[in-house]
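Chains as they are written, first to last, in our numbering: chain A, 109 to 407; chain B, -15 to 209.
Simulated from the structure, these hints should not be mistaken for laboratory data.
Don't be surprised by glycine CBs; every beta carbon is placed ideally from N, CA and C.
Please note: incorrect hints may appear among the correct ones.
What the hints assert, rightly or not - Rough simulated footprint, nothing fancy, chain A against chain B, three-plus residues with beta-carbon under 8 Å:
{"no.": "1", "stretch": "89 to 101"}
{"no.": "2", "stretch": "160 to 172"}
Stated by the list, open to error - Pair ranges (Cβ atoms, derived):
{"no.": "3", "chain 1": "A", "residue 1": "I286", "chain 2": "B", "residue 2": "R58", "range": "44 to 50 Å"}
{"no.": "4", "chain 1": "A", "residue 1": "A278", "chain 2": "B", "residue 2": "E122", "range": "55 to 61 Å"}
{"no.": "5", "chain 1": "A", "residue 1": "L288", "chain 2": "B", "residue 2": "R113", "range": "50 to 56 Å"}
Unchecked claim - Cβ-to-Cβ under 8 Å is the rule here; a few derived chain A residues that face chain B:
{"no.": "6", "residue": "Q120"}
{"no.": "7", "residue": "G122"}
{"no.": "8", "residue": "T309"}
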Amino acid sequence: MVERTRRRAADQLGLRSALADRLLPVLVAAMSFLAALALAGTIGTALLAAQWRDDTASTLTIQVPDPDAPDAQDGNHFSAVLTALRSTPGVENPQPMSRAAIDRLLSPWLGADAGDLALPIPAVISAEWAGPGRPDTLAQRLDALAPGTLVASGAAWANRVAALTASLQACAAAVLVIVLLVAVAMVSLATRSGLAQRRETIEIVHGLGAQDGDIAREFAARATLLTVVGAGVGTLLALPVLFWLAAMAAPFAGFTPSAGGFGLPLPLWAALPILPLVAAVIGWATAQVTVRGWLRRMS
Amino acid sequence: MIRLDDVWLKYAPPGHGEPGHDVLRGVSFEVPSGGFRWLTGPSGAGKTSVLRLMYLAAHPSRGRIEIFGTHAARLNRRGAALLRRQIGVVYQDFRLLGHLSAYDNVALPMRLARRSEAQVQADVMEILRWVGLSGRLEARPAELSGGEQQRVAIARAVVGRPKLLVADEPTGNLDDAQAQRLMTLITALNRLGTTVVVATHNLGLVARYPAPRLDMQDGRLTGDG
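So here's chain A without its partners, still in its complex pose (with noise of 0.2 Å):
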């Protein structure tokens, strides 16, 4: 008689009920839906930093109080001020503002008829520091040809940004390492709770000559599926969040959602794709330990 092969049976220690495929992939689902925003925020966080930092880092900003005030060599204070930015080594590019420019960046406060109103507005000159080191002796010379002559720059503003941008992103690396942890914990805790439930299975197995390996094998092969197929799914309910936010920081990042990418940058979506690798490693390397710690206090 010719007899079928028989497959062997894939679930040796019946942990298909023991370590169930309902609470731990949802809970880390919910864990990978958490990381990947703290990722986007990072990444995300970082990448407006630099564009900001770059936009802002090199720009001057002269504003100049009574500009059609005569100065010692019979122009005014304005182009006294615009001739010394031209002829100053390390700025480049000066531009005055049109008081169209200058209206429109102040109707927030005045309203749209900020020009008609009888207030002094100063001049306005936007340049670029090309210089080493800080502008602050163009300040001085500036305002010893017009009084009360104001030099902003923009590094003070880039250095803002970026104390800001460290915070955020220490924040975010800060949820994801608390993340990490409770996915660590919510693994150990459900394979802990199938070592308990499979007791009794385990010590007979374990007589039957099984190394502790065998049955860490069989637990860490569970934990890892549940784990990726948990961090699939809630990395995929994130995109969405993640689209929706993309389109909100938009304005602020400089490119649409219609850019490519649905919004998201480059770098985010190498990113993503490792979360379900990692709650893999976590949920593999978690189940090991777990499960051999176990064995050796059992006997």
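With chain A held as given, fit chain B onto it using these hints.
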């Protein structure tokens, strides 16, 4: 050679004795390789505890146990696992895995020993035919009668052709014909070189298969020979 030398055990099997109570007190005996011993005595005499020590499920509180020349206390976890693969055990309460079929229960020790699936299939089918269960391969333990479960447990114990077979009341749930069949199998294994220790309080069975007896009473060995 199996040797127990002044072995004491503070251990309480579930429902028997108090924790810390001496279950075994100074038990010493030897079973030569390829030997057969009956382990007899009333319930609670310590027969199951002696067997547990022999298949490395318990550690003595005092004394020395030697299995095939290996001092059991000196084994590390891996060494103990590898030695257990050479020991077949028939438990009094069968201890089958409820989520596995009869076939997979019997195949388990061979798979743990990394035998090929072809070898597993050949040996498992043969032994299940031997115990009269070739028609119940897919049945789970809950679908089997007590006698059938015991036969699966026996098949699992002997399928790997162990060097040592320990059996705790292996005929307890079998009718006379099945018990005879089982004893024929056990004695055949013994003739092939397997060392056998069978615990029983069935003196009729002992009389039908004469072999040296280890008599237990109240945790002590009261007779050897």
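Evaluation of the provided hints:
1. 89 to 101: With 7 residues closer than 8 Å to chain A, the stretch 89 to 101 of chain B meets the three-residue bar; holds.
2. 160 to 172: violated (count 0)
3. I286/A / R58/B: 44 to 50 Å: 46 Å Cβ-Cβ, so the 44 to 50 Å window holds.
4. A278/A / E122/B: 55 to 61 Å: 59 Å Cβ-Cβ, so the 55 to 61 Å window holds.
5. L288/A / R113/B: 50 to 56 Å: holds, 54 Å
6. Q120: Check passed: Cβ of Q120/A comes within 7 Å of chain B, closer than 8 Å.
7. G122: holds, 4 Å
8. T309: holds, 6 Å
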